Structure formats: structure tokens, C-alpha cells
Amino acid sequence: SQQGEEDPQALSIQEGENATMNCSYKTSINNLQWYRQNSGRGLVHLILIRSNEREKHSGRLRVTLDTSKKSSSLLITASRAADTASYFCATDARSGYSTLTFGKGTMLLVSP
Amino acid sequence: EADIYQTPRYLVIGTGKKITLECSQTMGHDKMYWYQQDPGMELHLIHYSYGVNSTEKGDLSSESTVSRIRTEHFPLTLESARPSHTSQYLCASSEGYGHEQYFGPGTRLTVT
Chain Z
368 SQQGEEDPQA LSIQEGENAT MNCSYKTSIN NLQWYRQNSG RGLVHLILIR
418 SNEREKHSGR LRVTLDTSKK SSSLLITASR AADTASYFCA TDARSGYSTL
468 TFGKGTMLLV SP
Chain D
4 EADIYQTPRY LVIGTGKKIT LECSQTMGHD KMYWYQQDPG MELHLIHYSY
54 GVNSTEKGDL SSESTVSRIR TEHFPLTLES ARPSHTSQYL CASSEGYGHE
104 QYFGPGTRLT VT
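Protein chains in written order, with the working numbering: chain Z, 368 to 479; chain D, 4 to 115.
Simulated from the structure, these hints should not be mistaken for lab results. These figures come from a predicted structure and were not determined experimentally. Heads up, a few of these hints could be off.
Per label pair, the in silico range of CB-to-CB distance [what the hints assert, rightly or not]:
1) D:Asp-62 to Z:Ala-377: 19 to 27 Å
2) D:Thr-113 to Z:Gly-383: 35 to 43 Å
3) D:Ser-87 to Z:Leu-442: 37 to 45 Å
4) Z:Leu-476 to D:Ser-57: 37 to 45 Å
Cβ atoms here follow ideal geometry from the backbone N, Cα and C, with glycine treated the same way.
The task is simple: from the sequences and hints, build the whole structure.
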């Protein structure tokens, strides 16, 4: 079954606005990661948050994790047209030798 | 920029042909992965490797095979390509399980 589910599926905003994407998952995790994918390219790692962390910042990115609700959010502040991409959450399940499980992604369009 | 390479970037091939998609990384990572991704959809893990001479099937059943004879090289082979194999194939590597993954640019395969 799908571990991560992003919400919304697509988001369209103007430059300068904030963008918030959510991710829900089903099983206990060691960490949760967010990736960005520009159209037709490979994924680029943005940020990793461990299960014992609640919030993490990196530049204009802010990630929160609520393990009791099994959910995470990615906030991009003061968005730019260059932030237009698909954003995926990925979970590292707490089950021994695990691989990452990716969600379906949120497609973000930032208009000038 | 991640040091992980995929060739070819684009491939259009007829049904029944044998193809090999190449993936190489120069980071010395033990863990390598192959994902299949249809446009606008989530990533599906089709193969992964713990290290040299170890390969495992992923969550999504695939008719492809992989080999890992050298740490830096993780090729994927389709013995007889079919139109249902048309997709984007992404290769990734990581230092360990649950760690951030570094992705190649992908190979977009079209089987006619």
C-alpha cells in the first residue's frame, strides 16, 4: 500500500506567495524526506526530518512532522517561478533494511 | 550536483529489442536503486542493490533484470522490450538505507 500521500495534487500560486504541501503516511518511520523534481528530470533531495524532530528549516523551506498524526508539511516561503516543480515526500519505514517509499507528489506552479 | 549518470537520456526502440540502461555513480555508495515513473505519477521501486553481487526486486513487478558487478555500475536490462515498458527510468544511490538518495537525470524509454 502507498506509504506517502501528498495533498494537494496540484497547487497554483503567484510569485511571492507561500506554498504549503502536506504528506500523510501509514506506518512508523525513522525519517521523512522531501524531494523536488523538475519536469522530466531526476529528483533532488531537499530536506530530511527524523522521527524525533518536529520542525526543520533550510533556507526558504520549513518542514514539520507530526508522528502522532503521521503527517508532514512542507512550506515554501516567498515562492519564485523557479520553484515550479513536483514535490514528493518519501518515508523510511522503521522495519529493518528498508528502502524509501515515495508519495504521488504535489505539482506546484508558481506564476510570475 | 550529484555524481550519478544515466545513459541514454532518451531511447526510442522497436518491440522485441534487447536494451540496457546504464547507471553509474562516483560517490562510492553501496546502495543503488532503479525506479519506474510514468509522467505525473509516483515513483515505483523496481530493483535495488545492497552492494556488489547483491540485487533485490522492488515493490513493482518488472520484467527487467539488473546486475551489480562493480560498486559504481548498476545496469538495467530488458531482454525483449514491449510498448508497456514505455516509461521513465530513474537510477539513484545512497550511502545507506534511509539516507538521502541521489538521482540521475533519468532515461525516457519509448517502445514502439
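Checking against the hints above, which ones are violated?
Every hint satisfied by this model.
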